[in-house]
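One-letter residues, chain by chain:
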Amino acid sequence: MKIFQGASTGLELPFIARVDCIKTDERGVSYLVSGKNKPALLRTGSPVIGLSTVGGWYRFENIDIDMGDIVTIQDNGQLHVAISSNSTENSLLLTDRCNHHCIMCAQPKKGVGGVFYDEAIDIVELMDFQPVALGLTGGEPLLYKEQFLEFLKFASTRLPDTYFQLLTNGTMLNDYDYVKKINQINSDINYCIPLYADNEVDHNMIVGNKQAFWKTMNGLSNLARHNSNIEIRNVLFSKNISRIAEYAEFICKNIPFVSHVALMGIEMVGKASTHHDFYIFNHEWHKSLDEAACALYLSKINFSFYNIPLCVIPKSLHEFCRKSISPWKIRHIARCSGCDFKDECCGIFFSNVEFHQHPATI
Amino acid sequence: MINSYEILPFNFETLDSNFLLINDFGEYHYLNSKDFYLFSSCKLYKQSNTYKDLCSKFFACDKLSNPIINHCATRYRTKFRHIFEPVSLFMLVVTYRCNQQCRYCHATSSDERDTCEKDMSLEVATKTVQAIAKFSTNLIKIEFQGGEPTLNFDIIKHVVSISKDILSDKVVEFVICTNLLHIDSEFIEFVYENNIIISTSIDGDRELHDQNRVTRNSNGTYENVVNNIAKLRKRGVGRISALLTVTKHNLNSLKRVIDSYQFIGFNSIFIREMNPYGKAHNNSEISYSTDEFVSAYLEALEYIFSLNKDGVVFSEEFMSILSRKILTPYSTGFVDLQSPSGYAINSLIVNPNGDVFISDEARMVHRATGDDYFLMGNVINDSTKSWYDDRCASHISSSVLECIPGCSWCAFKPYCGVDPVRMNYSKRSAETHCYKHKKIFRYIFDRVLRDPAKLRILKSWAYCSSDNLDFFQ
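Residue numbers (the numbering used here), protein chains in the order written: chain Y, 1236 to 1597; chain A, 744 to 1216.
Among the hints, erroneous ones may be present.
[Claimed, not checked] Below, simulated DMTMM-like cross-link-like pairs (lysine to aspartate or glutamate); rule was C-alpha separation at most 25 angstroms, straight line: (1) 1550/Y with 916/A; (2) 806/A with 1410/Y; (3) 1535/Y with 916/A.
These aren't lab readings, by the way, just hints derived from the structure by calculation. Every value quoted in this text rests on a predicted model; they were computed, and no experiment measured them.
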């Protein structure tokens, strides 16, 4: 999500608006934005750069927004492009509070966090197009069960053609009746649920919650009973890589009904940034990764590797690697310029550059 | 206590100085004796990989809870899915007549020049298909047997034709079990048009095959079979499989047999022990002991593994079925080795006169001895409902392994099953059945699953086997 810094005066925050009109003249670019009941004018160029509305004013340095974008101005002065009309990867943050405390969380909440279901409804209300897909994220988006249902009802009605991808740890889905309620509102949601191990000891340690594993497993079972579309996600790092083959076997035997398994390389950001030992990509794990892939392949369960440069994954598994890192997060190192696979490779995640050492030469 | 955990139910075997644990839905794990004693006295360290392995495979858990119990129930139902499935395999014996006189024939077939009056009639065939329509399963296999079923080709055509109408709401697969001695272009076209699966018998190369599989005039049949397979393939018939009957003559030449299968172009073989019925009963010229069979079978498997390691794609069907039972969470459609037995509840066989039996063997016993203990009823005279009476129920319940002493605490129970007919026919059968299967299971767990290369080969067979009941219950 694009974020720009600025300062506001007298504006009722959060200020949510849609970009309706863009005009360029000799003084710069003007954007007319429509909020809920309030239009406002955003100016770049001279003499003044900022947003003015009745009684309020927002000043910023530079901005990059398009027609149809939904922008929000936050308490802290930031302008977020909440929905980008020409992006394929929009998602709405419903809350940044969470009932898990994953030791490698890439986006830990700031302070006490906040609850944004109402804001999300306002954003959806302003949208003038239906994105193909829309992510619903957090924290844990189902943490406030009733508010989520209210949001889902509104969004599903407003955006009937949009495919919602709900990123949830699944513990709240432990309640069969709640799963039923969600399904009655929208039976076509893609549930992206993390499972970090094949056993409760490791998984619960990683997420910092003593009953997480079986709550999530029960949630998966409840979803399966509703024929839901499920993607399992795992982040591969030092705490779970040694059992990756057993993890794959566990999926094949216990939750073979999932549509896809996403095996993601760790991003050394957020909580992970202080744990340098978390990063594990080197030859040591080639055999385990190969075994894991073999198990999933034979069971005909779709799987992909994300965020893992091709030089540190066995060649036989390259066909399962996806180029998935957002372009502005990709880095390359000196060695990459001579690499034959540079075009197919997802590159190195910006936060991982210093850890990407001793890769195998392809 | 922080390091406390709960032990979930399992059975076990000893393998040298190690322990092999197997639970009720087929998960298995090896433990050395030190870990086994630690585990069973609740002293295993919970941060150890061993404990995590045991949790992952449902031998242990931190604390028993409803989600865990529900999940185990799901695994159990999935493993025993066949119990929930109605009958899906219907075998139709369309004639007793045969154009061969194989020396070990267990079907006590009659001469092909015999009167056709005893062949399956239009009335019986029609009534059979109408009865099949009453079963609620959606995926059906109809298998034509004999004698030699091609001698009553008219009835096969009739059944296939009326099935399109009467069984239109189901997916039906047809199989013809034929010796492929004499087939014409009409037959080949028919097989191709209706996508029929051909199952034939090949006992090895020409010399081995013609030892026992001969015509009335003691002429060999190998040439015909191989030529007819070629004709079928040329027309585009894709699904042809062969099984092997092991006799004293080819018992010690299984490697040669496997090579001959490859030569003909098969990539799998079903190595089948001779049934002790009909001509094979107490026939010292062609029979052998169970021990001899198992040794030869396991040696043949080792050869097949070595072929696979060299990149040859070749599997053995019985081992594929066992590997599916052991390595996947699913059940199989192999009615001969289920608990309760798949006979009657998953498969049925119909005689030319419409008599319905629980299995092929039951029918053969009846034909040989007149024993009607496993006769369920008749398609013409009785309603399908009446086929399933108290006697039938007692066959089924007596074949539940949990109710058989010895079986109920056997570690290999989730993979095994009994044949109620065999048990009834010969008292020694129970012992040899157990002996044979235990020996094969021990071989798998001792010599195959702990070898990574062989395990991978077995896994590929497990997930590619043709009987796919891939539903998670």
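Checked hints:
no., hint, verdict
1, 1550/Y with 916/A, "violated (41 angstroms)"
2, 806/A with 1410/Y, "holds (19 angstroms)"
3, 1535/Y with 916/A, "holds (24 angstroms)"
The earlier numbered hint that this structure contradicts is number 1, and it is the only one.
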